[in-house]
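Visitor: Here is what each chain is made of, one letter per residue.
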Amino acid sequence: MMKPRMYIPLSSVAVLILAAAVFLLARMSAQVTLTPPEGFAEENAGNVYRAVSPEGVSMRVRTVRNYPKKELSFWRDALRSHLLDEGYRILNDENFTAGTREGVMYEWGLPYGQKDYIYLTAVIPAGRRIIIAEAAGEHILYGKYRKALHESLQTMKRRFSFS
Amino acid sequence: MKPIRGIVPSTHPIFSTAMLCMVLLCVLSGPAPIHGEQYLSRSMRAQIMVADPKRAAENITEWTEERGGYYLFRSMVTVVVRIPMEELEELRMFTERTAEQVVSMDFEAQDLRESIIRAKSGIQSREEILKKNLRFLDRADVEGTLAIEREITRLLQEIEQFKGRLRKLTTDVRFARAEIHLSFTEQTLPQDIPSSFQWINTIDFYRFVKGRYEP
Chain A
1 MMKPRMYIPL SSVAVLILAA AVFLLARMSA QVTLTPPEGF AEENAGNVYR
51 AVSPEGVSMR VRTVRNYPKK ELSFWRDALR SHLLDEGYRI LNDENFTAGT
101 REGVMYEWGL PYGQKDYIYL TAVIPAGRRI IIAEAAGEHI LYGKYRKALH
151 ESLQTMKRRF SFS
Chain B
1 MKPIRGIVPS THPIFSTAML CMVLLCVLSG PAPIHGEQYL SRSMRAQIMV
51 ADPKRAAENI TEWTEERGGY YLFRSMVTVV VRIPMEELEE LRMFTERTAE
101 QVVSMDFEAQ DLRESIIRAK SGIQSREEIL KKNLRFLDRA DVEGTLAIER
151 EITRLLQEIE QFKGRLRKLT TDVRFARAEI HLSFTEQTLP QDIPSSFQWI
201 NTIDFYRFVK GRYEP
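Protein sequences, first through last, are from chains A and B. Going by this note's numbering, the first residue of the first sequence is number 1, and it counts up by one from there. Going by this note's numbering, the first residue of the second sequence is number 1, and it counts up by one from there.
Just so you know, these hints were derived from the structure itself, not from any lab. Glycine included, each C-beta is placed from N, C-alpha and C at the ideal position. You may find that some hints are simply not true.
As the list claims (entries may be wrong) - Just so you have them, the derived chain A footprint on chain B, three or more residues with Cβ under 8 Å:
hint, segment
1, 98-105
2, 184-192
To be verified - Partial list, derived from the structure: chain A residues whose beta carbon lies under 10 Å from chain B:
hint, residue
3, R62
4, V64
5, N66
6, W75
7, L79
8, D85
9, R89
10, L91
11, G109
12, P111
13, Q114
14, K115
15, I118
16, T121
17, A136
18, G137
Unchecked claim - EDC-like cross-link-like pairs, simulated, lysine to aspartate or glutamate; straight-line CA separation at most 16 Å:
hint, chain 1, residue 1, chain 2, residue 2
19, A, K157, A, E102
20, A, K144, A, E55
21, B, K210, A, E55
22, A, K115, B, E186
23, B, K54, B, E100
24, A, K115, A, E94
25, A, K115, B, E100
26, A, K147, B, E100
27, A, K115, B, E149
28, B, K120, B, E160
29, B, K54, B, E160
30, B, K163, B, E127
31, B, K131, B, E158
32, A, K147, A, E38
33, B, K131, B, E149
34, B, K132, B, E149
35, B, K210, A, E138
36, A, K147, A, D93
37, B, K168, B, D111
38, A, K147, A, E94
39, A, K144, B, E100
Let the hints inform the model, and build the full structure from the sequences given.
Guide: Written out as structure tokens, the structure is:
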């Protein structure tokens, strides 16, 4: 008597493949690659990129969901008006290009302890995500690394990886 | 010996009149002329960032004094100076050289012509009335003299007030006012206002420098 062969229905295979794909997509996260600012030590912890200078000027880059999905001009105005409303003092704002993407960068002046600090915020909408970069330091130290920070911003790219 | 009957000088109308005439001479010498018939008052307000605010404050006040100005207020983070009007542009350049970064620099000008003319005409009209009152003094009796004296005193007070105002306006025209803030540390701290967009709520300088990350 012939042993009956085990057939796996095609639909089950499809379900398995789909489940695997969903699992992989869930594990996949949007990360950012960039050249660190000159003189900074970098740390890539999960989805957040951090870099810090020997004197403590720090930088952080991350991505967030572009929701509601909007373009640069919208987020530029939203961020600017919000921080101005909160009482941040704007020192500088400029557009920049990182690869093929356009971004905007603001520098804000704030008191911290007995010192003046500069806080940089940069935003690049990248499809369904928004790349956000922040950096801050005491204003003299910030001035020392300002060029390096700006150059680093221009190297930011979004990439996908499995975490 | 028969004692001499004293007259209290300050209450005698003739003595009072002589005193008033002396004061009047001073008053009629007129207010100081306005510098080159300039009527514009200028001011500068700057917010700059410097490496050493205390030292920068000292440098600015020293520089101002060398240029014929003076300072009204100086602290670790703010300097308020008066500088001859023609030096204002130089002060702007000096401030820019002093600063690591100029955050803001605003200039204002105010035409004081109307205020100056009002003060001058106030003095002039009261001086004319004063002259007339002095002419009446010769013909007045004691009671009338006292009344005129009261009137003259009032006029002199008003003239002095106008002269003080005119002096202030003259100073405003001759000296520009500059207020220079050397730090943000006196600024009000930003408030945490919620945004409609979730990710914008995560942008916060103080959380960032303290290393607190909220995704």
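Visitor: Would you check whether R62 of chain A satisfies its interface hint, that is, whether its CB is within less than 10 Å of any CB in chain B?
Guide: holds, 7 Å
Visitor: Is K147 of chain A within 16 Å of E94 of chain A, Cα to Cα?
Guide: holds, 13 Å
Visitor: Against chain B, run the beta carbon of K115 of chain A and see if the smallest gap drops under 10 Å.
Guide: Since chain B brings a Cβ to about 7 Å from K115 of chain A, closer than 10 Å, the hint holds.
Visitor: Within a Cα-Cα threshold of 16 Å, do K115 of chain A and E186 of chain B meet the stated pairing?
Guide: holds, 10 Å
Visitor: Grab the minimum C-beta distance from L79 of chain A to chain B and call the hint holds if it beats 10 Å, violated otherwise.
Guide: For L79 of chain A, the interface hint holds, since the closest Cβ of chain B sits about 6 Å away, which is under 10 Å.
Visitor: Going straight from one Cα to the other, do K210 of chain B and E138 of chain A come out at no more than 16 Å?
Guide: Holds: K210 of chain B and E138 of chain A sit about 13 Å apart, inside 16 Å.
Visitor: Does the alpha-carbon distance linking K147 of chain A and E100 of chain B stay inside the 16 Å limit?
Guide: holds, 15 Å
Visitor: Does E55 of chain A lie within 16 Å of K144 of chain A when you go C-alpha to C-alpha?
Guide: holds, 11 Å
Visitor: Would the pair K168 of chain B and D111 of chain B pass a check requiring their Cα atoms to be no farther apart than 16 Å?
Guide: holds, 14 Å
Visitor: Going by Cβ atoms only, is P111 of chain A closer than 10 Å to chain B?
Guide: Because about 4 Å separates P111 of chain A from the closest Cβ in chain B, which is inside the 10 Å limit, the hint holds.
Visitor: Against the 16 Å threshold, does the CA-CA distance of K157 of chain A and E102 of chain A hold or violate the hint?
Guide: Given pair K157 of chain A, E102 of chain A holds - Cα atoms ~11 Å apart, limit 16 Å.
Visitor: Per the CB criterion, is L91 of chain A less than 10 Å away from chain B?
Guide: holds, 6 Å
Hints 24, 27 and 29 from the earlier list are contradicted by this structure; the remaining hints agree with it.
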